Structure formats: structure tokens, C-alpha cells
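Undergrad: Chain by chain, the residues run as shown.
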Amino acid sequence: GQQVMQIPQYQHVQEGEDFTTYCNSSTTLSNIQWYKQRPGGHPVFLIQLVKSGEVKKQKRLTFQFGEAKKNSSLHITATQTTDVGTYFCKGGSEKLVFGKGTKLTVNP
Amino acid sequence: GAGVSQSPSNKVTEKGKDVELRCDPISGHTALYWYRQSLGQGLEFLIYFQGNSAPDKSGLPSDRFSAERTGGSVSTLTIQRTQQEDSAVYLCASSRWTGEKAFFGQGTRLTVV
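Residue numbers (our numbering), protein chains in the order written: chain A, 240 to 347; chain B, 31 to 143.
So that you can see chain A by itself, here it is in the shape it has in the complex (with noise of 0.2 Å):
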């Protein structure tokens, strides 16, 4: 199946700071999905993203979809100790596998 790359793997920010993760691959993908997972919590869908140079907002998240396909990433402007959890991209239509994973601290 697709694989992709998430970055970073950690990131610490002070409340109201911006954060921003990203997915890589390496082969053209069909659609991306992101999800969140609260700690203690299981991955909760958030939102789908299909064509080229998609950009859809959610609040204060801001999901895009890169031109060639292969990359996407989530931008949260000015964090809330809410957002805590670990994000997790998913690549392509086929059986789901999952990014590592990137896991966000928010220090109030």
C-alpha cells in the first residue's frame, strides 16, 4: 500500500503560537485523510481532502493538498491546549495506513 511521510514527529508550542505538520509521498495519492487522536483517546476522522491544490478550513485548521498530489498538510492558527493530541495522515484509497503520526503539546 501508500506510504507517507509525516513531519515532525514531536512539536511543543506555547498557547496561540501557529502549528504545522506535514505528509510526503513519493507517489502520486488518490486523496488524503486526516485524523486526531486525543491522548488516552482513539483517531477520530477530520477531514478528507481529493483534488489537486484542495484547501479546505475547519475553524482554525487549515488543510491543504498539494498540486502534484504528494504532499498535504495541516496548519492550526493560534493553538489551544484543545488541539493536543496526535494528528495522523492517511494516503490513498486502498487499506489504511497511517503516517506516524505527529504529536502536538500545547504549553498554556
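Everything labelled a hint here was simulated from the structure, so no lab data went into it.
These numbers were taken from a predicted model, which means no experiment stands behind them.
Where hints are given, some of them may not hold.
[Stated by the list, open to error] BS3-like cross-link-like pairs, simulated, lysine-lysine; straight-line CA separation at most 25 Å: (1) A/Lys339 x B/Lys87; (2) A/Lys296 x A/Lys342; (3) A/Lys342 x B/Lys45; (4) B/Lys45 x A/Lys275; (5) B/Lys45 x B/Lys87.
[As the list claims (entries may be wrong)] A few chain A residues that face chain B, going by a derived Cβ cut-off under 8 Å, partial list only: (6) Tyr261; (7) Asn270; (8) Gln287; (9) Phe327; (10) Val336; (11) Lys339.
Glycine residues also receive a C-beta, built at the ideal position from the N, C-alpha and C atoms.
Starting from the structure of chain A, add chain B where the hints point.
TA: Here is chain B on its own, set in the frame of chain A:
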């Protein structure tokens, strides 16, 4: 049901014993996935069922692990002769079909002592 249900939520077993973990997917979902997540780690793919097709077992770490899905609904993950390294949270997910957004259960925390 309203969501993906997994049981038990916690399981403590002795090394060498067999365990069965159960997953009840969302009604009508044709795709079902099992993952393993060790403490602080990512999601390790184990096995994938899609409808009546043969399951994709490529992620199973050893022949001690097996899974079945009866009637296209409930799935059971069996671990034989458990080892301490099997200790992890086992997550099940389902989706309407392959590639659709997945819904995860709460997981089963397995501890092998």
C-alpha cells in the same frame, strides 16, 4: 449500532494464554480494519476485510495472530500463546467501503503479564 464497539475494553492475560478480541462495526460498513498501537507509538496495520473478499493479512506480525469476520459484520482478532510484546491497544475501525472515512472503536487494552 451508533458506533464501532470493541470488547473487552481491558484484558489482562498470562503469558502463553490465548485471547480473543471482538469488534462490532457500524451496521452496513463493508470495510473493517484492525490496528495495534503500542504506548506512544503510531498505528500499526494488522489486517483488513472488505466485503466478501479474502482479507489482507499482510500486517499480521506472526502466525500467532489471526482474525475472522463472520457474516460480513462482527470480527474477532485472536492471539495465540500471547507474549509480553503483544501488550498494546488493539483498535478496530470500519468504513462504508475502502477509502471512505473510518470510524474507530475505543480499543482493547491488552496487557500480557
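Undergrad: For the pair we were handed, B/Lys45 and A/Lys275, check the Cα-Cα distance against 25 Å.
TA: 33 Å, violated
Undergrad: Against chain B, is A/Phe327 within 8 Å by beta-carbon distance?
TA: 7 Å, holds
Undergrad: Tell me if the interface restraint on A/Lys339 is satisfied: Cβ within less than 8 Å of some Cβ in chain B.
TA: OK, holds: A/Lys339 within 8 Å of chain B, min 4 Å.
Undergrad: Is the interface hint satisfied for A/Val336? The criterion is a beta-carbon contact with chain B at less than 8 Å.
TA: 5 Å, holds
Undergrad: Verify the proposed pairing of A/Lys342 with B/Lys45, using a straight-line Cα cut of 25 Å.
TA: 32 Å, violated
Undergrad: Would you check the hint for B/Lys45 and B/Lys87, treating anything up to 25 Å between C-alpha atoms as holding?
TA: 24 Å, holds
Undergrad: Quick check on the hint: A/Gln287 CB to chain B CB, less than 8 Å?
TA: 6 Å, holds
Undergrad: CA of A/Lys339 to CA of B/Lys87, is that 25 Å or under?
TA: OK: A/Lys339 and B/Lys87 at ~20 Å, within 25 Å.
Undergrad: Would you mind confirming whether the straight-line C-alpha gap from A/Lys296 to A/Lys342 stays at or under 25 Å?
TA: Within the cut-off at roughly 21 Å; holds.
Undergrad: Holds or violated: A/Tyr261 as interface residue toward chain B, Cβ cutoff 8 Å?
TA: 16 Å, violated
Undergrad: Is the hint on A/Asn270 kept, meaning its closest Cβ partner in chain B is under 8 Å away?
TA: 7 Å, holds
The earlier numbered hints that this structure contradicts are 3, 4, 6.
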